[in-house]
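Participant: Could you build all of it, start to finish, from the sequences and the hints given here?
Protein chains: 2
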Amino acid sequence: MAKDLTSRKENYAQWYNDLVIKADLAENSAVRGCMVIKPTGYAIWEKMQSVLDGMFKATGHVNAYFPIFIPKSFFSREADHVEGFAKECAVVTHYRLKNSPDGKGVVVDDDAKLEEELIIRPTSETIIWDTYKTWIQSYRDLPLLINQWANVVRWEMRTRLFLRTAEFLWQEGHTAHATKEEAIEETEKILDVYAEFAEEWMAMPVLKGLKSPNERFAGAVETYCIEALMQDGKALQSGTSHFLGQNFAKAFDVKYLTKENKQEYVWATSWGVSTRLMGALIMAHSDDNGLIIPPKLAPTQVVIVPIYKKPEQLAAISEKALEIKKSLESKGISVKFDDRDIHKPGWKFAEYEFKGVPVRIAIGPRDLENGTVEVARRDTQEKEILQFQDIDTKIEHLLEAIQDNLYQKALSFRENNTRKADTWEEFVNILDDQGGFILAHWDGTAETEQKIKEETKATIRLIPIDGKMEDGKCIYSGKPSKQRVVFARAY
Amino acid sequence: MAKDLTSRKENYAQWYNDLVIKADLAENSAVRGCMVIKPTGYAIWEKMQSVLDGMFKATGHVNAYFPIFIPKSFFSREADHVEGFAKECAVVTHYRLKNSPDGKGVVVDDDAKLEEELIIRPTSETIIWDTYKTWIQSYRDLPLLINQWANVVRWEMRTRLFLRTAEFLWQEGHTAHATKEEAIEETEKILDVYAEFAEEWMAMPVLKGLKSPNERFAGAVETYCIEALMQDGKALQSGTSHFLGQNFAKAFDVKYLTKENKQEYVWATSWGVSTRLMGALIMAHSDDNGLIIPPKLAPTQVVIVPIYKKPEQLAAISEKALEIKKSLESKGISVKFDDRDIHKPGWKFAEYEFKGVPVRIAIGPRDLENGTVEVARRDTQEKEILQFQDIDTKIEHLLEAIQDNLYQKALSFRENNTRKADTWEEFVNILDDQGGFILAHWDGTAETEQKIKEETKATIRLIPIDGKMEDGKCIYSGKPSKQRVVFARAY
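Just so you know, the protein sequences line up as chains L and W, in that order. Under the numbering used here, the first residue of the first sequence is numbered 1, with each subsequent residue one higher. Under the numbering used here, the first residue of the second sequence is numbered 1, with each subsequent residue one higher.
These are calculated hints, taken from the structure and not from any lab test. We put the CB at the ideal spot given by N, CA and C, even for glycine. Accuracy of the hints is not assured; some may be wrong.
[Unchecked claim] Residues from chain L shown here face chain W by an in silico Cβ test under 10 Å; the list is partial:
1. R32
2. N63
3. V92
4. K98
5. S100
6. I146
7. L169
8. K409
Facilitator: Structure (structure tokens):
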């Protein structure tokens, strides 16, 4: 086991925390609940951002930036919204410090009290819809398809690196439309973008569906989500896309002039993914030997380690290594050649395995003679000897194979951990013995959902869209149901 | 004059504000002093970010992310630093709201008062050096070359879009080094990066130099800066790079083990540029007809406008226009083909001129017959007729010529507005009649600098690095001086 990493079997939560810290991805800061994202972790987040940003732009969205502060009164305008967020807000009350009268340090200057307190955005619907009021006059101004990359703050009591932190980084899309249909179409389009990103880039299969009313975003008419299954059998909500109806348009009085010259309220969506995806990525693939990062998101995709005893051997190996590096880079593959002499090859092998670099190439003097390299893949830990010839194409295909294997492995895991439960006993037994997704009938009431949550900690992760209709009885109340929903314990 | 834009001559400040708002770059928000950066403005900022980020990475830096909150006590650790920033801090005192007892809205929950107040970062030296304490143990951990892209808050009383706002976006580099020499080298290297970015990308010539002690960053040993001259003869500080000595290492007790096995304090630098650069970019080049954006930073570099009366004409023109668009795009040029039928060509011409698109191509039926297009450049407003053949290369060269012309024009302006003053009378007359940079002798004291500022509002913008040594007398005190420094009124 690498670097005293707790094994998943021993303590999954500890394994995760160890891994995040020992792989230098993030750490807790001096400020309660806030993390420092270290360069190794941030490099992965940057790749995620870059891909998502491209996908948003390809679907017609543009970026903008709105203030971090929200006047307190804005929150109260949308009743559900304030209910959902008021309990976890960081509140700015003053705008100045002064020297402490006792000469020790600084204190808040009571003369610099704000007339109205400012909330640090936990999400930006209110400040953005207050702004949209002046941007939207007529149907010609619609649709408005805007995204922002920003930090947000939610004062969580129990925090975990990446998964739940007081401050986190995210993107939040806020769009405005002339019709209900168009807004719903947008909500679903973004859900597809999120699912595609999770599956194609993170190699993480997701279920798509609708949240039950209990789990809906505060202020939304419908919340769509993608849910992934982690290796401990718990679900992780990985992205949400909200159809907001006319709720925020009414709260902020945003109307537009239709082609027929009538004033109508605007229809809205909002949607977001956050640094929480980093947690999902880590938990979806990594093992007891350390991180496993899908090649498409790995900042370093290939590392080349020279094996040598004498300096002249290193010189000859370096020449070949740099040639390989160059040919891989010409294919858009990111390569690190680690010729540091302060560490031995064995140390480097362990290090890059732990850090999750998808492919390791080792070259020694005998390889040079034979015209070969040793190639090791991180996912299966298999090694093979490859000829120099066409090494760039071979590595390119290997990276694709690793990406595909990680997805297939995660998909099999999910399939093997998705079960039907038809009785309460079955439901509870599966939850306690196996975890995973459980497909079960539910009577559709918030009361039943709440009871199930209280008794088992399981929640409805989603109601499948276009799911199979099937008559059944609620596992809890025995009342009739038309469709199975997906339950799980969740992060 | 476009869109009721106030002319520069009439009221330069109003011209600037009109332009920022009417060109849809940014606007004031509902929160005092905070701006909304609109999609058009944000697209330029994104280009700036992308170029700068590449330059930082090319010089060995990596990105990370540190918390937005700084515990109040951290500020007091470095005496100059707290003095410089305590007066303009947003302070978080509570972490929860609750329903108002009168049932109207929400109020701050007094039960949720923080034990220690949190400051929203005005800059991150303190939280970062508190973190570096655990990251740095030995010389092997150095240098640490980290940058972060973030929002910061300084509670400015008088704000102006982009130039001075309570919240702004920036990058802040924070590096740690084993030796003083290496830290100074880093400080100067970054100054060169900033100058290169300003000159090569923004087409904005800058002076490089050192700040006087009065104008130094709070906590720095030396502050290096780049200063540009705006069209109204006022200077604009466009970037700063600070040599922090061991001040923050001592304040946060960050030591490292040297190769000789001794404990030494670490040497530090910090450096930043912000959305203020947007203000500089706008003011450096734009005119009474609207924005002028240097081609290298223009989100849309070329716009193609079809001129037609009948739909079949549009079809033929579109075919040609899309062909040109494709060939330009293959050269990496960003092109918009505006075939909207809701606006007439004249409207579009005015619009793109106002928005500062560097090159406009117009194509009408006669052009198709002749195998030509009409090309207009935004900077000089000259038009020419060009043959289809090799249009991509011609436009590529034209964009380069525009970039170069903007730089040369700004450089000539600065040269024509940089004057020597040898007496107080000369100094005051130049300031009042002409503005610009003034090269004058100064006795080197903070008192004289302060007096000059109080009497004229001019400050020392910088002390030239490697400037010519020359004996002279201080224009204010008459005391001896060894070198001229650069004075100006400034933003």
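Participant: If any of the earlier hints don't hold here, list their numbers in rising order.
Facilitator: Hint 8 contradicted; others consistent.
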